[in-house]
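Peer 1: Going down the list, the sequences are from chains Y and Z. Numbers 1 to 881, taken from the numbering used here, label the letters of the first sequence in order. Numbers 1001 to 1109, taken from the numbering used here, label the letters of the second sequence in order.
Just so you know, the hints here were simulated from the structure itself, not pulled from any lab data. Idealized CB from N, CA, C, for every residue including glycine. Treat the hints with caution; some may be incorrect.
Claimed, not checked - The calculated lysine-lysine pairs, modelled on DSBU-like cross-linking and capped at a C-alpha distance of 30 Å, are: (1) K37(Y) - K1086(Z); (2) K724(Y) - K588(Y); (3) K1086(Z) - K1059(Z); (4) K37(Y) - K1063(Z); (5) K1100(Z) - K1086(Z).
What the hints assert, rightly or not - Which stretches of chain Y does chain Z cover? Using the computed rule of at least three CB atoms under 8 Å from a CB of chain Z, they are: (6) 370-376; (7) 695-703.
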Amino acid sequence: MDLRDVKLRARALLAPRQAERDLRDELAFHVDREARKLIDEGMAPATARARAHARFGSVPLVADECRDQRGTAFVDDALRDLRCAVRSFAHAPLASATVVATIAIGLGVVAVLFTFLNTFLFRTDRVPDVEQFYAVERLQPGTDGQSSLTRADFESLRRDTSVFTDAYAAVSGIDLRVDGRAMAVTLVTASFFDLVRVRPSMGRALTAADDAPNGGNPVIVLSDKGWHRRFDRDPDVIGRTVLVGGVPFTVVGVMPEGFRGLVVGAPDFWAPLAQLGAFRPNQRGRESSAVVEIAGRLKPGVSGDSARAQLRAWSANAPASTAERRAAAAATIDVLPHRGTVPRPMEAVMLFAPLFIAFGLILLIGCANVANLLLARGVARQREIGIRLSIGASRGRIVRQLMTESLLLALVAAAGGYVVSRLALTGAVVWVVGMMPADIWDVSLNVPAADWRVALFLVAAAVASTALFALLPALQATRIDPVRTLRGELVRDARPGRARNALIGVQVFASALLLIGASIFLRSGMASSQYDQGFRTADTVMIELVNEPTRTAMLQAIAADAAITQYAAVRPGMLDTLPGLATIGQGKTPLRCKFVSGDYFGVMGVPMLRGRTFTPAERDGAPVVIVSESTARALWPNGNAIGETFRLEPDRPSEGQPEDQPAFSSHLVTVIGVSRDVTGSRFTGNKPGVFMPTSLDAPDTAAMVRIAGDPDLARRTLIEHFIKIDPNLGRIVTMRTVARLEKVFLTIAFSIAVALGALALLLTVSGLFSVLSYLVAQRTKEIGLRMALGAPSRAVTRLVLAQTARPVLYGLVAGTVLAAALATVLLSTPFGAFISPIVHVADPVAYLASVVIIVAACVAAAALPATRAVRLDPMRALREE
Amino acid sequence: MPRNDGLPPGTLAMLILRILARGPLHGYGIAQRIRQLSSDALSVEEGSLYPALQKLLLKGWVKAEATVSDTGRSVRAYRLTPAGRKQLEVERANYSRMAKAIALLLESA
Chain Y
1 MDLRDVKLRA RALLAPRQAE RDLRDELAFH VDREARKLID EGMAPATARA RAHARFGSVP
61 LVADECRDQR GTAFVDDALR DLRCAVRSFA HAPLASATVV ATIAIGLGVV AVLFTFLNTF
121 LFRTDRVPDV EQFYAVERLQ PGTDGQSSLT RADFESLRRD TSVFTDAYAA VSGIDLRVDG
181 RAMAVTLVTA SFFDLVRVRP SMGRALTAAD DAPNGGNPVI VLSDKGWHRR FDRDPDVIGR
241 TVLVGGVPFT VVGVMPEGFR GLVVGAPDFW APLAQLGAFR PNQRGRESSA VVEIAGRLKP
301 GVSGDSARAQ LRAWSANAPA STAERRAAAA ATIDVLPHRG TVPRPMEAVM LFAPLFIAFG
361 LILLIGCANV ANLLLARGVA RQREIGIRLS IGASRGRIVR QLMTESLLLA LVAAAGGYVV
421 SRLALTGAVV WVVGMMPADI WDVSLNVPAA DWRVALFLVA AAVASTALFA LLPALQATRI
481 DPVRTLRGEL VRDARPGRAR NALIGVQVFA SALLLIGASI FLRSGMASSQ YDQGFRTADT
541 VMIELVNEPT RTAMLQAIAA DAAITQYAAV RPGMLDTLPG LATIGQGKTP LRCKFVSGDY
601 FGVMGVPMLR GRTFTPAERD GAPVVIVSES TARALWPNGN AIGETFRLEP DRPSEGQPED
661 QPAFSSHLVT VIGVSRDVTG SRFTGNKPGV FMPTSLDAPD TAAMVRIAGD PDLARRTLIE
721 HFIKIDPNLG RIVTMRTVAR LEKVFLTIAF SIAVALGALA LLLTVSGLFS VLSYLVAQRT
781 KEIGLRMALG APSRAVTRLV LAQTARPVLY GLVAGTVLAA ALATVLLSTP FGAFISPIVH
841 VADPVAYLAS VVIIVAACVA AAALPATRAV RLDPMRALRE E
Chain Z
1001 MPRNDGLPPG TLAMLILRIL ARGPLHGYGI AQRIRQLSSD ALSVEEGSLY PALQKLLLKG
1061 WVKAEATVSD TGRSVRAYRL TPAGRKQLEV ERANYSRMAK AIALLLESA
């Protein structure tokens, strides 16, 4: 093809109108001239024109041949198909709008998910070679996976072992107030920044000198988030100081946007680990015994297994008091791939796969709907198609035209899907942020951006779904006998019926799957929302007192605050407990323990059932305990517990105890009271069984206070007051928030499930409705005949309902069986274990309810068409045909 | 759909090229000229002229340009390109070789 050729074709393509006009003019000129010549020769004008035309032949045919010669026939055809498609949509705007909306919704929900996945998978800020990172953990026996490695261990590991090219230690998740603002800090050794190989965008990262043990520099490196939140992206931030616990820290660097370390949520800033004392005053002076997370890059050629073996040998030689403990320490050390919370692409795909299936089912239902609609239209168009086939149009040509129509629909739907996904995402983010209690974090969630990948995905998904929903009807519509069609015999073939039934089955199957999932979640959510934590949450606030030197001043402020009506001591945190053992005779019973002051039961509204609470004189170490109702029943099934004694021991070795958790020594205690059960967290089911006395004067205790009036308002005033005493004050959290936070994640998961289920049901019902209405309309003649022959209306109703009963049944059975199978698989995964206290997967009521709902919905969808069939006037129906 | 023009295949293109060799002409003119020159012996369905012209355009043997006809109407005229001129020679040579071969065959058989 030479250049001229290209130019000509391009002209025909780009300026089809111009080319068409030229052609038309040229041919008209020819005929005109011929006619004029004949007139000049004396012929009558009308005869001359006819003669000229006859000589020339068919003008349109010649024009067609010219177009063929130009080699743009393919494009011409496509354009014609397109015009044809637009016209046919204009003829049936409602049906077309339904098709577009249905597919747009399906594409939209899938695009929402893809947008999330996109931000995970293709994040540009990931740490290079993150898969080389391995974390070292030494699990404590008897605890739920808490590591017990200290900074001293880290130094030794770095010095004495050679499994890592380099490693870092970190203490993360410290929330504190900097200049009065809640900020999150991660403390790291200077090696962290070398290891992640991400350069600061301004200033410098931490150096070894900053992190010198027993010295170092009070400096911080801001994350982009921290720079934005605290300094409003001030370009002159380097060298500025902030007050942390009254100590000035200098900003030395800012990390680039998007760098989050090895976790999804970046801290506001990083500081040298040596400065731990400034952030956790109760650990001041014993920084080297602080429990740290350790991770590093494995040396090339060192596998996870060989690293584990080396580190076990190292751990066994570490100084420990007894050989037994040393062996235990060695046995529990582990080396695991560490990627923080950033999933690898494959993992992200695996993580999202079940969601994609769930969301994709909506798209599938939508496609089935549309396919059914087009199938119906294809039958209606049999005549048109039959005529075209009989005058020589190829089947491929007609299929292509039908596909063009569908593709056009799909592309419009893709645009619609984009709008749907943006609306849904924005709505979801606003909704989630609105639900997040602002007093725990300043939550800022960005709506994930849609980039070209999302657009590409939408178009690809649209085209794929076009293939799914349009190919079958297109093939079906063209598989007809032209001769019979021309004779007016519409082919009531069994095949469209079979295809339609299959589609109905698929729809019912998909919505059964989604609806069962939704019912399970909904029922679990309802059960969980009725969860009684067993204590007051409406007007109580927890105040962490982290800075021991200011404890007295803080307590005085609490006592002086007019809004606080009552206060008590509690540790550890509100929903946490410590493991302990009750030794009675020979038996040991595991127990959950909590230190509280005598006022605790009054403040938290936990009634004492028997006996008394602690007196102010009974403080730390007093040999008295209060047990919960269920514990009392478990330990003394026949007695009343009061006055009973038992030995209470901590269920873990005292060494390797995390510094920020209280310890208690083994001693004999007497039961002085029985309280009602406190249920604790719904996730962990952390029910305290034994309460031991403490007081607010003891280190590490937090205050639980009862507030008069609005707790959120009180919380804000408390913060304002306390900052003047101690700028480094700990968390002040309303219990309402704690309770709500637990519910937030459940609510999100439940809402998504329920929304998907509802959407599935809606689409299925509307699909069934339109198919059945169409079928009734199509069988009007037959129904009229039956009724004229005296068929009772019951029989007609049955006829309409029977049309769908079988596919609905098959779909229901398949959906239920697959749901049960998926539930079984899910229960066997770690994720299943995590959600099993909340989500009861094997819930027969959920299954039954879903089946009933679907059957009811199908009957409802069939009812109106059935009624219409019964109301048919037999005579008119027969006449109309 | 190729139509039977009463002409051996490919001859129409050669005839057009031959006529255009004398100067640019519009489609109607070409048709007239073919009729005249062949003294109506060759019946060319006039409609098939235009697809043939499209083909010649594509091959680059002729060029289309806007001109004004003798009656004052604007019309597309076709002009032979150098490539077209060359092609005409090739086709003429081919044709006479074939004609000779056929004549030889007819006489000797």
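Peer 1: Within 30 Å, alpha carbon to alpha carbon, are K724(Y) and K588(Y)?
Peer 2: violated (48 Å)
Peer 1: Does the structure keep K37(Y) and K1086(Z) at a Cα separation of 30 Å or less?
Peer 2: violated (34 Å)
Peer 1: With a cut-off of 30 Å on the C-alpha distance, tell me whether K37(Y) and K1063(Z) pass.
Peer 2: holds (27 Å)
Peer 1: For the stretch 695-703 of chain Y, do at least 3 residues have a Cβ located nearer than 8 Å to some Cβ of chain Z?
Peer 2: Violated: only 0 residues of the stretch 695-703 of chain Y have a Cβ under 8 Å from chain Z.
Peer 1: Would you check chain Z against the stretch 370-376 of chain Y, counting CB to CB pairs closer than 8 Å, and say if three or more residues qualify?
Peer 2: This one is violated; 0 residues, fewer than the three required, reach chain Z with a Cβ under 8 Å.
Peer 1: Decide if the proposed pair is consistent with the structure: K1086(Z) and K1059(Z), CA atoms, cutoff 30 Å inclusive.
Peer 2: Given that 30 Å is the threshold and the Cα spacing comes to 12 Å, the pair holds.
Peer 1: For the pair supplied as a hint, K1100(Z) and K1086(Z), is the alpha-carbon distance within the 30 Å limit?
Peer 2: Holds, at about 21 Å.
Hints 1, 2, 6 and 7 from the list above are not met by this structure, while the remaining hints are.
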